[in-house]
Amino acid sequence: MDIKIVMATTGLAMVALAASAAALSATETQINKQVSKTVVYFDTISAANKPLMDKAAGVLVFPRVTKGGVGVGGEFGEGALQVNGKTVGYYSVGAASVGLTLGLAKHSAIIMFMTQDSLDKFTSSKGWAIGADAGVTVVSGGANGSYDTQTQQKPILAFVFGEKGLIGDLSLEGSKISKINP
1 MDIKIVMATT
11 GLAMVALAAS
21 AAALSATETQ
31 INKQVSKTVV
41 YFDTISAANK
51 PLMDKAAGVL
61 VFPRVTKGGV
71 GVGGEFGEGA
81 LQVNGKTVGY
91 YSVGAASVGL
101 TLGLAKHSAI
111 IMFMTQDSLD
121 KFTSSKGWAI
131 GADAGVTVVS
141 GGANGSYDTQ
151 TQQKPILAFV
161 FGEKGLIGDL
171 SLEGSKISKI
181 NP
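Taking this note's numbering, the leading residue of the sequence shown gets 1, the next gets one more, and so forth.
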């Protein structure tokens, strides 16, 4: 495939993703309502979830992340960072890719900063990329998983759950998280 075609396609995907993000932006009230529902749901999936969340220095909640594409893929979602159960900032998650993407799916994601240091690094960044900026441990089994002592000692834990739709990959790898002002 010609590199110019790949670059043009990637550029178009990013423009489309940015345009859809602007059009779909939610208000603070809408995000807070969705975050609260997602946290309640997460707590009911497994008895181990709430105690783990209570130990976290901060919790980043994305109630709905939409990922999809045909060859060219994109991902977008909005959420909030909570510290001690209170919202302290709003964030978006996004990614674009070119490759073997086919399908559309929605899921929720919760990222727990288990140490104050990991939370401080996140909040002081100007755009945080999962995989590049931090060692995020994606908990296998999502929110239904059980957490051994070693998992609980990781500085950042991520959960992807509530998948709806069909797509080959629902990972967070390569996603960029940025602060927003809804």
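I should point out that these hints are in silico values taken from the structure, not numbers from a laboratory. Source: prediction; values computed, not measured. Be a bit skeptical, because a hint or two may be false.
[Stated by the list, open to error] 20 Å max Cα-Cα, derived DMTMM-like pairs, lysine to aspartate or glutamate: (1) 154 with 28; (2) 164 with 120; (3) 121 with 163; (4) 164 with 117; (5) 86 with 117; (6) 86 with 163; (7) 121 with 28; (8) 55 with 120; (9) 37 with 54.
[Stated by the list, open to error] Label pairs and their in silico Cβ distance ranges: (10) 165 with 83: 27 to 33 Å; (11) 33 with 165: 32 to 38 Å; (12) 182 with 70: 19 to 25 Å; (13) 115 with 36: 30 to 36 Å; (14) 127 with 40: 25 to 31 Å; (15) 87 with 47: 38 to 44 Å; (16) 115 with 43: 18 to 24 Å; (17) 40 with 71: 16 to 22 Å.
Don't be surprised by glycine CBs; every beta carbon is placed ideally from N, CA and C.
| request: For residue 115 and residue 36, compare the CB-CB distance with the range 30 to 36 Å and indicate the outcome. | output: Between residue 115 and residue 36, where Cβ atoms are some 25 Å apart, the hint is violated.
| query | Is the gap between the beta carbons of residue 115 and residue 43 within 18 to 24 Å? | reply | holds (22 Å)
| said: Can you tell me whether the CB distance of residue 40 to residue 71 sits inside 16 to 22 Å? | reply: violated (37 Å)
| Agreement of residue 154 and residue 28 with the hint, judged by alpha carbon distance not exceeding 20 Å | violated (30 Å)
| request: Please work out if residue 164 and residue 120 have their alpha carbons no farther apart than 20 Å. | output: violated (33 Å)
| query | At the C-beta level, are residue 127 and residue 40 separated by a distance inside 25 to 31 Å? | reply | holds (30 Å)
| query | That 32 to 38 Å hint for residue 33 and residue 165 (C-beta), does it hold up? | reply | Violated: the Cβ-Cβ distance is about 22 Å, outside 32 to 38 Å.
| request: Hint says 19 to 25 Å; check whether the CB-CB distance for residue 182 and residue 70 agrees. | output: violated (29 Å)
| field | Pairwise hint evaluation, residue 117 against residue 164, where the allowed Cα distance is 20 Å at most | value | violated (34 Å)
| task | Would you mind confirming whether the straight-line C-alpha gap from residue 86 to residue 117 stays at or under 20 Å? | result | This hinted pair holds, its Cα atoms lying about 19 Å apart.
| task | Given the range 38 to 44 Å, decide if the beta-carbon distance of residue 87 to residue 47 lies inside it. | result | violated (25 Å)
| message | Please verify whether residue 121 and residue 163 have alpha carbons no more than 20 Å apart. | response | At roughly 29 Å apart (the allowed maximum being 20 Å), residue 163 and residue 121 break the hint.
The structure does not agree with the numbered hints 1, 2, 3, 4, 6, 7, 11, 12, 13, 15, 17 stated previously, though it agrees with the rest.
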